[in-house]
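S.K.: My request is simple: use the sequences and hints to build the entire structure.
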Amino acid sequence: MNRTYARIYAVVKRIPKGRVATYGQVAVLARMPRRARQVGYALSALTDQSDIPWHRVVNAKGEISRRKNPIYEDIQRALLKTEKVRFDTAGRINLARFGWQAAASAPKRF
DNA sequence: TTTATGGCTGTCA
DNA sequence: ATGACAGCCATAA
855 MNRTYARIYA VVKRIPKGRV ATYGQVAVLA RMPRRARQVG YALSALTDQS DIPWHRVVNA
915 KGEISRRKNP IYEDIQRALL KTEKVRFDTA GRINLARFGW QAAASAPKRF
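Residue numbering for the first sequence is 855 to 964, as defined by my numbering.
Careful: at least some of the hints might be erroneous.
[Claimed, not checked] Derived lysine-lysine pairs resembling DSSO-like cross-links, with alpha carbons at most 30 Å apart:
hint: 1; residue 1: 938; residue 2: 922
hint: 2; residue 1: 922; residue 2: 871
hint: 3; residue 1: 938; residue 2: 915
hint: 4; residue 1: 935; residue 2: 867
hint: 5; residue 1: 935; residue 2: 922
hint: 6; residue 1: 867; residue 2: 922
hint: 7; residue 1: 915; residue 2: 871
hint: 8; residue 1: 867; residue 2: 938
hint: 9; residue 1: 938; residue 2: 871
hint: 10; residue 1: 935; residue 2: 871
hint: 11; residue 1: 915; residue 2: 867
Because the hints were derived from the structure by calculation, they are not lab data.
M.R.: So, in structure tokens, the structure goes:
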């Protein structure tokens, strides 16, 4: 566990239940713009049980990203449905509705 | 060290 | 809408 991952996890932990954030969004909030891919890497390092709501992170299109082990795609979808997050006919989430408006819950800092 | 491979994303055709 | 590409950079080998 290094500082980079810790920051990413800290941000993911703040995502409210029933909401989702994109990898890029998490990267920005963790003050590491353009490192969306590394966010994905950090999350894949979890896999096991943890208090990190990894399932609340989706890609910029509002879909669940493809990964090596497709099993987790289904698990993620199931977990989100449990939180009342809706998927449209194309299997995507309407980010305008379920996207996390971080500004409202993120600590203010200047 | 170098290469390859990722739970990504914005841009452009 | 879809697909190719180029940036991005941590890990593993």
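S.K.: Now look at each hint and say whether the structure bears it out.
M.R.: Each hint, compared with the structure:
The straight-line distance between the Cα atoms of residue 938 and residue 922 is roughly 26 Å, inside the 30 Å bound, and the hint therefore holds. Taking the CA atoms of residue 922 and residue 871, the gap is near 26 Å; set against the 30 Å cutoff, the hint holds. Among the hinted pairs, residue 938 with residue 915 is consistent with the structure: their alpha-carbon atoms are about 19 Å apart, no more than 30 Å. A hinted pair counts as satisfied when its Cα atoms are at most 30 Å apart, and residue 935 with residue 867 qualifies at roughly 18 Å.
About 22 Å separates the Cα atoms of residue 935 and residue 922, which keeps this hinted pair within 30 Å; it holds. Restraint check for residue 867 and residue 922: the C-alpha separation of about 24 Å stays at or below 30 Å, so the hint holds. Proximity of residue 915 to residue 871 is assessed by CA-CA distance (about 20 Å); at most 30 Å being required, the pair is judged to hold. With a C-alpha separation of about 18 Å, the suggested pair residue 867 and residue 938 falls inside the 30 Å cut-off, and the hint holds.
Distance hint between residue 938 and residue 871 is fulfilled; the C-alpha atoms sit about 9 Å from each other, no more than 30 Å. Among the hinted pairs, residue 935 with residue 871 is consistent with the structure: their alpha-carbon atoms are about 11 Å apart, no more than 30 Å. At most 30 Å may separate the alpha-carbon atoms for a hinted pair to count; residue 915 and residue 867 meet this at roughly 21 Å.
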